[in-house]
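In case you want the letters, here they are:
2 protein chains.
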Amino acid sequence: MQDIILASNQNKAKNFLHELEGKNPLFMCTMATTGTAKIPGISAAGQNPEITDYTPAADVELLLLGKCKSIQGVPVTPDGIPTPALATMSALNLANIPALPINAGLVIQPQVPFLELGAKPGKDIRTGKAVSNIDETFSRAKKAGEILSKTTDYIVIGESIPGGTTTALATLLAMGVDAKGKVSSSMPRNPHELRNKIAEEALKKSNIKFGDLKNEPMKAISNVGDPMMPVFAGLVIGATPRIPVLMAGGTQMTAIAAIVKTLEPKSTENVAIATTRWITEDKTSDIKAIVSQIGDIPIVAANLNFGNSRFSGLRAYETGIVKEGVGVGGASIAAILKSNGAINSEKLLAELEKNYAQIMNSKQ
Amino acid sequence: MQDIILASNQNKAKNFLHELEGKNPLFMCTMATTGTAKIPGISAAGQNPEITDYTPAADVELLLLGKCKSIQGVPVTPDGIPTPALATMSALNLANIPALPINAGLVIQPQVPFLELGAKPGKDIRTGKAVSNIDETFSRAKKAGEILSKTTDYIVIGESIPGGTTTALATLLAMGVDAKGKVSSSMPRNPHELRNKIAEEALKKSNIKFGDLKNEPMKAISNVGDPMMPVFAGLVIGATPRIPVLMAGGTQMTAIAAIVKTLEPKSTENVAIATTRWITEDKTSDIKAIVSQIGDIPIVAANLNFGNSRFSGLRAYETGIVKEGVGVGGASIAAILKSNGAINSEKLLAELEKNYAQIMNSKQ
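Chains R and B, in that order, are what the protein sequence lines are. Numbering-wise (the numbering used here), the first sequence opens with residue -5 and increments by one. Numbering-wise (the numbering used here), the second sequence opens with residue -5 and increments by one.
Calculated from the structure, these hints are not laboratory results. A virtual CB, placed ideally from N, CA and C, is assigned to each residue, including glycine. Just so you know, not all the hints are guaranteed correct.
As the list claims (entries may be wrong) - Covered stretches of chain R (in silico footprint by chain B; criterion: 3 or more residues with CB under 8 angstroms from a CB of chain B, positions within the stretch not fixed):
{"id": "1", "segment": "85 to 96"}
{"id": "2", "segment": "104 to 111"}
{"id": "3", "segment": "144 to 156"}
{"id": "4", "segment": "284 to 295"}
Unchecked claim - Quick partial rundown of chain R residues pointing at chain B, CB under 8 angstroms, derived from the structure:
{"id": "5", "residue": "Lys61"}
{"id": "6", "residue": "Val70"}
{"id": "7", "residue": "Ala138"}
{"id": "8", "residue": "Ile141"}
{"id": "9", "residue": "Ile337"}
So here's chain R without its partners, still in its complex pose:
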């Protein structure tokens, strides 16, 4: 299909996508916060670290209402580049794909309908006590995945959790996946050094060495992960016995893949990681190298390119800022597949520009 890049396991990826052509998906967006995002220099999902608590709520409000309620305007990076939720919203609207937000542990709850699973916000991983109540939220998420798998042809699950690649790094290391220098970043200059330092501090505080928790993903999450992880993994494990799941995100998805693979290996046979070209072509990270350590999971990428946009705030995406988030790659791929290719990258950008002009110019 035009404008979907088969980034790895090309045959498997092709077959996987073929099954989804013309089908009706449900887009779900897991939302969570973690104290880890408050560390300066870690997250660009908000103008400053303190406001990252509001970013997930604002992102899903944008998806459902076309405007934010919890903040003025829309979430932006410290450089003023707008949230990828704008592009996710554009793709979902264009293809008429329903979106359902999931509270995976929030400080600020969105002012739109969302699925509640009892998840609590995550703590700074350097406490060694990052996530509480994991078994319960995992089991509720699994049940939710089961229920929703009866209502749709396939599920696309995205995430909005500032600081999520740092918690992913620490979790991957605890589980023995060599991800140092390989996770992606929402910043143009990938802060590997800072992130490695934080992940190492977190592991040390928990008395965990590389690979110690290879077979204990729940303990890894509890110590150095984030609350999105048990929810996302539960949704995948609940839904995959019946329908395929597109895990929509950047290198954070490799941590989910590692968790799912350990808890329920069969589930990984019915998933693909769906991301963007900005991730698969990123020179500062290496999603394929991480996934290859975990299993035979296809990676597909939306061939988005904002280089010719009339808006500098969108052209900036080509400089390596943002790259992924709010399932933008997966939502774009789902829109292309649902329309049997009638929607392509060009149409996605046109719709995004239309919405960008309308939303960024209105003073709310």
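Given the coordinates of chain R, work out where chain B should sit on it, guided by the hints.
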């Protein structure tokens, strides 16, 4: 279709049901509590008035898990007769229909996934300030109805709100619908006198006379209604432009019908009230007489009969206890329709008895 009674508007009801045969529905259960249920003698949805706060949570836990988590055993009437959720669960399981609970204003939240809309528990209607935050929860519920209408062929919406027929009575009176002596009860002896007295007290406290709020349903709810109403009405109004909705319940559904009819008349063209034979044949209430004052809305009823059950706790349903709740009539009808009649009343009872034996005998 065998075992579905066309209780009114027979031609319209028949056509409505015909559209749903063999289709895949989503069952939703609105859950709410109101201080009104704490008035002694008002609700049989719990062993005593205080425990009614736990009934909605326990009901949906039973639907999703096959057992309750928030209470020991299952909700029972003061006489020990078990919740209709047992029969709803049996119907949904038999027909493999997914169920999604909705928080429409709870004191106790269930330990299963549910949709959150920001609704707060209701107050005793005699305060004249029964429900807060109505516009916001209505608008979120409408959005949820829109979203979910894209994922399913039709929606069946039930309710678990102890005391709900009393708040329905007061709301109907405020809106000028003569429902005195016509609303149903979960008790064998319908406490019309007590309920009329409470409704009158509530109207008086709010300075409302019969029909004063004919065109102001939101004010009627705010003063003398319950928090389930704006959520239920919002779901109906959000979903009906795209798909049909079965409003599953007893005379409470007439209040929803009156609210929807006033807010969005067109929506009532795509709904039917789905209930049980125990309601449509009830000599102590008159659902048809209420609906005929509101509009041309078909009433259909599941021809459930537990008279030959081997369990006295189920035979008791034939004495007029319980009658409706947790959308049991609508869930049964949906099971019959989905299976094109392969599931009938006999099979529903057999499945219920199997679950009854298992759940009522296990000491949880």
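Here is what the structure says about each hint:
With 5 residues bearing a CB less than 8 angstroms from a CB of chain B, the segment 85 to 96 of chain R meets the requirement of three and the coverage assertion stands. Look at the segment 104 to 111 of chain R against chain B: 7 of its residues bring a Cβ nearer than 8 angstroms to a Cβ of that chain, three or more, so the hint holds. Check result for the segment 144 to 156 of chain R against chain B: holds, 3 residues qualifying (beta carbon to beta carbon below 8 angstroms, three or more required). For the segment 284 to 295 of chain R, the stated coverage by chain B is violated: 0 residues have a C-beta nearer than 8 angstroms to a C-beta of that chain, whereas at least 3 were required.
Look at R/Lys61: its Cβ only gets to about 13 angstroms from chain B, farther than 8 angstroms, so that hint breaks. The restraint placing R/Val70 at the interface with chain B is violated, with a minimum CB-CB distance near 25 angstroms, outside the 8 angstroms limit. Using the Cβ-Cβ criterion of 8 angstroms, the hint placing R/Ala138 at the interface with chain B is satisfied: the shortest such distance is roughly 4 angstroms. The interface hint given for R/Ile141 holds, since its Cβ lies 5 angstroms from the closest Cβ of chain B, which is under the 8 angstroms cut-off.
A least Cβ separation of about 17 angstroms between R/Ile337 and chain B goes past the 8 angstroms threshold, and the interface hint is therefore violated.
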